[in-house]
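Quick note, the sequences are listed as chains A and B, same order.
Counting from 1, position 133 in the first sequence corresponds to residue 593 in the numbering used here; the numbering is continuous, with no gaps.
Counting from 1, position 167 in the second sequence corresponds to residue 156 in the numbering used here; the numbering is continuous, with no gaps.
Just so you know, these hints were derived from the structure itself, not from any lab.
Glycine included, each C-beta is placed from N, C-alpha and C at the ideal position.
Footprint (simulated), chain B over chain A, 3 or more residues, beta carbon under 8 Å:
1) 632 to 640
2) 643 to 650
3) 653 to 666
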Amino acid sequence: MSAVVTPRHRVARLAPGRIAIVAGVAIMAVVIFAAVFAPIIAPHDPYAQSMLARFRPVSAEYWLGTDQFGRDTFSRILYGLQITLWTAFASTALAMVCGTAIGILSGYHGGRVDRWVSAANDLLMSFPQMVAGIIIVALLGPGITNLIIAIAITAFPAFYRMARSAALALRERDYIDACRVLGYSDIRIIVRHLLPETLDDIIIVATLWLATAVRTESSLAFIGLGAPPPAATLGGLVRDGFDNLLDYPGLAIWPSLAILIVMIGLNLVGDGLRDANDPRATA
Amino acid sequence: MLLKVEGLRVSFSVRRGWPFPKTHELKAVDGVSFDVRQGEAFGIVGESGCGKSTVARAILRLVNLKEGRVVFNGIDISRLPVRQLRRLRPKLQMIFQDPAASLSPRMRIGDALAEAVRVHGIASGKAVDRLVRDALNEVGLAPESAERFPHEFSGGQKQRIGIARALVLSPSIIVADEPVSALDVSVQAQILNLMARLKAERNIAFVFISHDLGVVRHFCERTAVMYLGQVIETGQTREIFDAPSHPYTRLLRSVSPVPDPEKPALAEVQEGEPPSPLDPPSGCRFHPRCQFVTDVCRTKTPVLRPFGGGLVACHHAETLPPAEL
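All chains should be modelled from the sequences, with the hints used to inform the complete structure.
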């Protein structure tokens, strides 16, 4: 903790993780582009059913075939990507903002408040993520907003711990004492002097948690707690495909592959950022 | 009197023991009193761990005090509500030991200085820039420094920045906690000269905390010697260093290097480390290391009393042989 990490050093240290980041960013760029422009790219209406076009194989017209209602799998994956990514980003952002804010306040304040909030956080963390997600969705009821809240709550402890431990360590540093001697308010010290120091780490955690959020969303959708039909999410598509897994395995495999690609992309970005930021990882 | 510290006590709780830890009270500062006049430099010396930094931090309310008062300009700041204290802060500034650690790493120097000015509404608009440039100029840094980040400066330059940050608030007293001990000797002299100039030109008072007797002697008019959280001798710096009364002050003097090769090295250097402040010795806290120890030292705690030109806390001050220096 003694070495002061300066902006210049950070740039220099990005080098080792660069390949992973470039690959990850490239994958995510394609994925996000596909999701955002789904209405333009998609060759078919993802919700349009056609009894004549059920279970079509891969063809020029239906790139990845059709499902049991004759809906185009490729188009549904694109729209599913949209909902899945939105859910992941929104829930991670929510967890990041709340977790970081409460974590920094708790760590900076210290004492009894910190002990109680940390104990509550540990309680939340002791639930396996999936179990917590299931309980919360079951309590809140189905729907994308509730899904986002549920995933955010399961992701909250990671941000809380990160921000709290950073604030706890930085609180003892001379420059925070200097701020107090200069007569700065606690809010100013936290926002202007503490937060910028922790932001790097928090963004790295956020990138890695995006991947987890995608996985949680897919898992919840798979057990039927995802976005309600007819909305397509990647997890929901896998689940629907499972009904005809033996006859038409593609229906489950294609969306699974899409999930895989998103996870790889997000993990590459996150790992790359982390390695670039961690002096030990480069040794 | 600009600053009056009365009966200052600071304790920390330490949990020790296994499997049932008990909370022990560590008395880091145990009844310290002194005062500082306008434009005067007051030195506090002592070994590491004697509580001198805690005194500095307690004056500035960076640690909570258990007992005692800190009166600044007639106002007791030790119990003042935080908001009112904040308004007084500009007049009571601090310089830190590690200049690198005392600057926000991601803030340009100019922004850091301007922030202090703006928070206290000392100036606004263009006047802020002028104040910042004047302060940088006063500590001997180029105006372009304002555009740069702390890591682009050397240790001595960073300490100058730390001083400039205090100066923009026009303080009447600066608490300097080992301000030069992290710097090279040549740079130490520059920083000391800068502080001496500020003292003379701006009439700023200093509480100067150091373990380096030579530096204190150069800079401070009056000095207090601390041992295990207590002041054991205080008075004019010159008198304390040329004719130390307390055996501990003599020990400090004898182990600090004398820049005179003709003088023979002193043979009687006492050994040992200071005892733990968790369990201070009975009676006079210095008795286990003192060569003049008698029975009364082991049982009765000496209090500060006038002796020579200053105050000393030793039962035998009158009967001790004159110090050989």
